[in-house]
Amino acid sequence: MPAQLAVGASLVLMSAVLAVGASRFPAEKGFTVLGAHVYPYAVAVFLGIVGVSISLQAAGLRSPADVSDGITGAIPGGKAGALWVTAGLTICALLIAHIGFVLAAALLFACSAQGFGSRHPARNLAIGIALALPVYWLFTIGLGVSLPPLVNAWI
Amino acid sequence: MPEIFSSLATGFTTALAPINLLCGFIGCLLGTAIGVLPGIGPALTIALLLPITAKVDPTGALIMFAGIYYGAQFGGSTTSILLNTPGESASMVTALEGNSMARNGRAGPALATAAIGSFVAGTIATVLLTLFAPVIANAALKFGPAEYFAILVLAFTTVSTVLGSSTLRGLASLGLGLAIGLIGLDSLSGVARYTWGVPELIDGIEVVLVAVGLFAVGEALYGVLYQGEETGSRHRLTSVWMTRADWKRSIPAWLRGTLIGFPFGSIPAGGAEIPTFLSYSTERRLSKHPEEFAANKGEGAIEGVAGPEAANNASATGSLVPLLTLGIPTSATAAILLAAFQNYNLQPGPLLFQTSGELVWALVASLYIGNTILLILNLPLVGIWVKLLRIPRPYLNAGILVFATIGVYGMRQSSFDLLLMLAIGWLGVLMRRLDFPIAPVIVGMLLGPMAEKQLRNALSISQGDWLVFVTQPISASLLALTLLVLIAPPLLHARGIRLQEHD
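Protein chains in written order, with this note's numbering: chain A, 1 to 155; chain B, 1 to 503.
It is possible that some hints are incorrect.
[Claimed, not checked] Covered stretches of chain B (in silico footprint by chain A; criterion: 3 or more residues with CB under 8 Å from a CB of chain A, positions within the stretch not fixed):
#1 41-55
#2 408-414
[To be verified] The calculated label-pair distances, taken between Cβ atoms and stated as ranges, are:
#3 A:Leu83 / B:Trp466: 12 to 20 Å
#4 B:Phe5 / A:His98: 31 to 39 Å
#5 B:Glu299 / A:Ala16: 38 to 46 Å
To be clear, the hints were calculated from the coordinates, so they are not data collected in a lab. Please read all numbers here as calculations on a predicted model, not as lab measurements. The beta-carbon is built from N, C-alpha and C at its ideal position, and this holds for glycine as well.
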């Protein structure tokens, strides 16, 4: 099965990356018996073996049973939905420090809701703000979490 | 023995203090609510609430977290039975059997057996915890780095071999977790490993970030891509009383479920799915009414709900054993609880019983109290929990992502962390799609660095002598056990006995 073969190959690749990286660590050991490179090498070897085994299994045997949750039917979002959600998270991540938590979270909420199938962007944005504001107060003032404000401590 | 009882009694007086009782109550309430809601689980919730450790004293906070842990299971079974929407994967079996019962008009007894069974299992498991934990903690005082390393190696093997669909995939997930755990500054030698010049990676990747990314973001994305509309149907709540026959069939199932769940909870077996599936197949095999099981196209057998629910709860309590006595978390939620302890500068392990004995015993006492609260809370309030699910799914999922953002951003105020969380979320989607288990990643991430540290300490002390692992008796027996775990499944397999849920 091609997907599994790809997984096996990427594991081997990861193993190689780990090994190459480990070979570059300075070898001076100081007080330790095992340098910083030993364990990474071990993990690299482990990953390499697992990667090769998975590739072999993929190439040799029949494909594993298809994963199915038993829930079929219309996908509310599908690929477009996933893109909306990803966009929402990305926007929030990039803008949160600039426009403050409340607005960034509201944007995230609206984009995600869009991705999950809701088709009322303006309403979602409003709900997003209505949700983000009290949550912001709860976490910043109530719990002392440091979330970026837009204007002052309250918004 | 008598000291155990007196310590427990003191624990009760602390746990029953009004403020702690309130914390426990809030925890149970919150836990049940999130157990009902799909997509958000106890691990994520506790991670979000970690900031309260700055304001609330440790006893109260830990009692609340424990309440959330248990409450989530109660909530999950309620929705599984009534709406066929398991709140988490371990409730899948309950959904199968319990919803069958509900569709045939027996929702009440299904709920009752789930609630009472969880209470019975939780209480028995807590008794076992009470008896075993001090013993293990005492034994662990003699543990040196070699012994800890041997335990961790054992943990790695149990995670990978006693697992869902494929040992090889479990190992792959574990390997991924180990690799992620390598990122960061090496504490012993000061070498920055695999950071590639990115400053945010110097401290390594936080467990909470990976957990939130895989579970919250990954779940949300997976839901968007692959799941169809909810087809859950509501069932009217009939009388909650169980008949005598129900009791007769449930009680042995509860006991068996507890005995299966507790040991599996205390080893890193990658989640509560194993004990619940195992309990289900045991009940199916032992039942005098096999035709009633939903898997056999029946109307739903009560043992099929009683056993797995008990196993689920017992395994949650079981996971507290290695956490409290050895400081080794065996599930994602246990990992976050460990983080909570560390926020208070408390290190779970054998010393915890010595230095903060009152806290530990108050926590244990709160488990008993929490179980009772949950039993009383759940059955009458079922209607309310079900109403929670009326929130439209898009808003629910979007809200979960907002909370995930708070949880991750609140840790280090880093946008990089948020983007990383997104990337990990996509990784989670890939893993789920390709049927790679997720729990071993978290275990690998946490236990990998621990294992390396112990390995190096052991070798430092023994001055480079590798034989120390087999010459020390405890370490040697643990390694022997590891070998046993590795070769037992293929041997059993050859004899036709399977440990996995696919029959």
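Tested hints:
For the region 41-55 of chain B, the assignment as covered by chain A holds, since 5 residues bring a beta-carbon within under 8 Å of that chain's beta-carbons and 3 suffice. Counting residues of the region 408-414 of chain B whose CB lies closer than 8 Å to any CB of chain A gives 3, which reaches the minimum of 3, so the coverage claim holds. Between Leu83 (chain A) and Trp466 (chain B), the C-beta spacing of about 52 Å breaks the proposed range 12 to 20 Å. At about 59 Å, the CB distance of Phe5 (chain B) to His98 (chain A) disagrees with the hint of 31 to 39 Å.
Hint check: Glu299 (chain B) to Ala16 (chain A), Cβ distance near 55 Å, so the stated range 38 to 46 Å is violated.
When each numbered hint is compared with the structure, violations occur for hints 3, 4 and 5.
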